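Please model the entire structure based on the sequences and the hints provided.
Chains as they are written, first to last, in this note's numbering: chain A, 2 to 329; chain B, 2 to 329; chain C, 2 to 329; chain D, 2 to 329.
Think of the hints as simulated: they come from the structure by calculation, not from any bench.
Model, not experiment: these values are computed from the prediction.
Among the hints, erroneous ones may be present.
One copy or any two copies: either way a pair holds, since identical chains are not told apart in the list.
[Claimed, not checked] Heads up, simulated DSS-like pairs for lysine-lysine below, C-alpha to C-alpha not over 27 Å straight-line: (1) 8 <-> 219; (2) 8 <-> 240; (3) 84 <-> 68; (4) 79 <-> 300; (5) 216 <-> 79; (6) 240 <-> 79; (7) 79 <-> 311.
Number of protein chains: 4
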Amino acid sequence: MPKTIKKLAVLTSGGDSPGMNAAIRSVVRTCAYHNIECFGVYRGYEGLIEGDFSPMDARSVRGIINKGGTILKSARSKEFRTKEGRQKAFDKLVEAEIDSLVVIGGDGSFTGALIFNQEFGFPVMGIPGTIDNDIVGTSHTLGFDTALNTVVDAIDKIRDTASSHNRLFFIEVMGRDVGHIALNAGIAGGAEEILIPEEDLGLDRLVESLNRSKKSGKTSSIVIVAEGDKIGKNIFQLKDYIDENMEGYDVRVSVLGHMQRGGPPSCFDRVLASRMGVKAVESLLEGQTNYMVGLINGKMELTPLDNAIKGKTKINLELLRVSDIMST
Amino acid sequence: MPKTIKKLAVLTSGGDSPGMNAAIRSVVRTCAYHNIECFGVYRGYEGLIEGDFSPMDARSVRGIINKGGTILKSARSKEFRTKEGRQKAFDKLVEAEIDSLVVIGGDGSFTGALIFNQEFGFPVMGIPGTIDNDIVGTSHTLGFDTALNTVVDAIDKIRDTASSHNRLFFIEVMGRDVGHIALNAGIAGGAEEILIPEEDLGLDRLVESLNRSKKSGKTSSIVIVAEGDKIGKNIFQLKDYIDENMEGYDVRVSVLGHMQRGGPPSCFDRVLASRMGVKAVESLLEGQTNYMVGLINGKMELTPLDNAIKGKTKINLELLRVSDIMST
Amino acid sequence: MPKTIKKLAVLTSGGDSPGMNAAIRSVVRTCAYHNIECFGVYRGYEGLIEGDFSPMDARSVRGIINKGGTILKSARSKEFRTKEGRQKAFDKLVEAEIDSLVVIGGDGSFTGALIFNQEFGFPVMGIPGTIDNDIVGTSHTLGFDTALNTVVDAIDKIRDTASSHNRLFFIEVMGRDVGHIALNAGIAGGAEEILIPEEDLGLDRLVESLNRSKKSGKTSSIVIVAEGDKIGKNIFQLKDYIDENMEGYDVRVSVLGHMQRGGPPSCFDRVLASRMGVKAVESLLEGQTNYMVGLINGKMELTPLDNAIKGKTKINLELLRVSDIMST
Amino acid sequence: MPKTIKKLAVLTSGGDSPGMNAAIRSVVRTCAYHNIECFGVYRGYEGLIEGDFSPMDARSVRGIINKGGTILKSARSKEFRTKEGRQKAFDKLVEAEIDSLVVIGGDGSFTGALIFNQEFGFPVMGIPGTIDNDIVGTSHTLGFDTALNTVVDAIDKIRDTASSHNRLFFIEVMGRDVGHIALNAGIAGGAEEILIPEEDLGLDRLVESLNRSKKSGKTSSIVIVAEGDKIGKNIFQLKDYIDENMEGYDVRVSVLGHMQRGGPPSCFDRVLASRMGVKAVESLLEGQTNYMVGLINGKMELTPLDNAIKGKTKINLELLRVSDIMST
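Next comes the structure, spelled out in structure tokens:
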């Protein structure tokens, strides 16, 4: 295999997720292993445009595998959406003789990478990092598993107080257009209902279901609501509706918010990040470009960035059914 | 010592807090140790009025020391605020030949207990259980330490994402009229500012402080806000004000909510609960009544319920100063 | 589909693992959903022989999804290994008109189930519960993911003190004949070396590797050792060898032990358990028998118990390579 | 108050404990607040002797409040026990114009500090950092509270598996000469017996107690053993004794080991560390020397180093009694 790359840059872009640091560490160490010079770019595409990057060696990434967030910091860059911005970024890379780029982020970040490649022919490779698990080409995005555990831990805590007071809790979790977090965490948290963007349960059926749940002897209930759920305008309106249309429940709302994005990554996310970093660098080394690395049937596979961007992950219908049966 | 009591009832009342189960366990086992019959009352004073209690022995409380919430459930009872309600409760106790009552709860619950004693001469003993730490006569209420660790863990997670994006986060924590949670968790979470009900920092000083913080090189900031803080009407208005009056920060809000009330109690809360349960039962056995057990200078002490109710805990001014110095 | 089963029994057998309770809950609720009577058998095959089982309905399994261990308790039964023991068990089942059995456990438990079926034609279905992940027919056994997170959390803590003192730690993790826990947790914990039963690194290469690691600037090191590792007789002998053959390291040993088997299951294990319980009951309902349910390429699949027992899971060679590259 | 100090050095010495980083952060930021130059010394007294220290400002300690271990690293120095070693250290300090020293560590470290002061008149101040809580002059040493939570979490996990299998577990916890960890964690973990160095229960009484426990209906038991317990030579011999002298229990041993020293500090330890750092620096600023800062009745107080070293903390007898009653 001809050594096609000599200097590689890595950046994190978009919303951060647990495991990004582990992925940075893996990219850097894989470069060290293959004697490729590695540069860390700060604040995503913003830093690329400003030439804000510095060399990283195996020791630069010491002690970060268990840290949430990203030591390279992340940002959303308006300028990189312009041709001028991307030109500046290209110039900075050329100036530093960097010949390949690993982008850790979500679909927005990959769109940028793909356009950048199309315009300048610059070799790019994507690593899917987002807690939402909404990217085609990988069964798990980096941070998804960790976020699930964070959410489930919070549900467990809320369950303690819910069942002490016979309360109904609406708990909002992240996941803008997809219900993966809500569905998995809802099952694991023993939620009575799970409201997701992919399925409009309808308010009447929700009330009906909660009433059935109550009759069956449950004295408290948890309803998990994905951010992007289609039923109500927002979770507080949901509460109001239930307050008006159901008796005997003291209804409360909890919006879990940004703590879902942080915390030490789970074992799964650290291993996944380590594997993805190796695969990303070695794929570039083999002359591949415009791909995203991903986990498919337990193996590291490449998916064209184009597919990763255009596709839409689907909810596992089996899980919906399991959820229904579990709330018997 | 003459054995003054033979049948004791225990209930949890008001908002639940981690450690209540450990306290129930301790009351029950101390009764078993002294051959006192023990009854668990369900749903606080509500259950007392309805005669909803059942005998508990040492094995009834197996495996609950590490569970949040309260197996006896809690409730706020309107009826117990009436003379008629309390009469019913008294009748039920007399009927069951119960001769003493341990109430685990906050100041509202203690007020009920005190009136109940004044009207019927029924021996009562209080155990302070609330995460707010707002009860005079104990340096720590049950659940306070656990809630602090829960809050700090959440702040750590939010810090991960805040520092990855150069964001300013307002984090609302519990503590209606007192800033104990905010102040301690704020220091432990490395917050740049802490807004508490006891002190009106003022919006101008907040902006000034955040600007100073930024100039000193900080790229992200965390501001902890107690529920009952006096500055703004609520935390979202605070955000709006900062959005308008400060540049360069992407401001976000996180309301931690009810998960602060749940979770396995910390070692501290479990030991405290165990000590309080022993002290409560043995004090009743010694003929004491109308007291609350508490931790004062590391020792179990009794405080008249009257004092516990009327008093108001004060914020530790040393902590305020430490917080200021730490955000240098 | 003709309703082939009316009364189903479920038991847990062998070493317990986090997620067993979630699986019991799922079996019980799936039975309730399909109007099948469900019985919980205590202490595995022991309880079956003694007829120690009782009916469970949807409410019997309330609040157990997040509890480690098994509410049905587990045991290893010598008597069930005899024909007489199995005959007794069969008689008890017939007496209670139970017509199918779900066994949650490892390969030993499945062997018992298979023989039981062969002798009496009794319908059995297996759910793989063990932290070791050593069962063919599922990418993940119940409890594996949780155990990994427990181990990684312990490694993180030990790393804190190791790096404060420039120490070398040998950490022993569970996994008798297989290195799955060691390999995954080792990568996630940033271990410098991982010793597993499947691969004999050799003591010389270990010393060499640690020396290289030291030269590269690392001031502390973590070596993960699977219980069943082939190099030394045990981990304390490993320590002695390194003490004698390497300079400049203060070597310590930590044996993580049984805490690896407990704790609240991770989100992954709870969802997996819920899915497996549904699949197990519904497969029996469809007339299937002598299978184990498992996760294959993300889907619930059946594997003949015979294959599950005889097969041997293999270590993922890609992970070994990732581990090598990461310790660059 | 005349500003008596201008340049201050801080070091961590002896065994590390969670909260040391938070204390370093507090010392550094308090120096920044008072415009004192601050130097961090690496590897304790070793680094002092070698002049291995560098200036630290408020930003140097960013993001360490929640990290276990010590960023300054720790070591035990043989050379500092010699007059020559201490002379070298003094020369290095004089050379750098450093005029005061904060030592974070245990009694061994304080002995060194005291001798150093007596020989050279160099102002020193101690901050008690050890998980053992064995230092007179403070109700809590840094790291004690965190270690307790770590131990209790491990006991909870082991309890899961113990109660699933009707097992008796001996769990060894740290605390060489004192039983503070064992006693507190034992109560919080619901242990049936707690063996501590301060009290020789005797093997016969242990067997008797376990038998009583069994008769009362307990099907599993946890015995917490402090490292320095006087009963048996070690925990494995204890197991052998019980194996021989008790029937019906499957006895297991778990040695928790060094993970007790690591992990993110609890809220309590972070607040305590922050308070101690402020008190230490400001006490030196007020011209105090040869003291240790400590928590006494909830307040920051100074204790002469001499007393801190010579004294011996006593076990809280009330806790022993509580433990007895709880295992009813």
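Checked hints:
| no. | hint | in the structure |
| --- | --- | --- |
| 1 | 8 <-> 219 | between (60 Å within a copy, 24 Å between copies) |
| 2 | 8 <-> 240 | neither (54 Å within a copy, 40 Å between copies) |
| 3 | 84 <-> 68 | neither (35 Å within a copy, 43 Å between copies) |
| 4 | 79 <-> 300 | neither (35 Å within a copy, 41 Å between copies) |
| 5 | 216 <-> 79 | between (53 Å within a copy, 25 Å between copies) |
| 6 | 240 <-> 79 | between (37 Å within a copy, 23 Å between copies) |
| 7 | 79 <-> 311 | within (21 Å within a copy, 58 Å between copies) |
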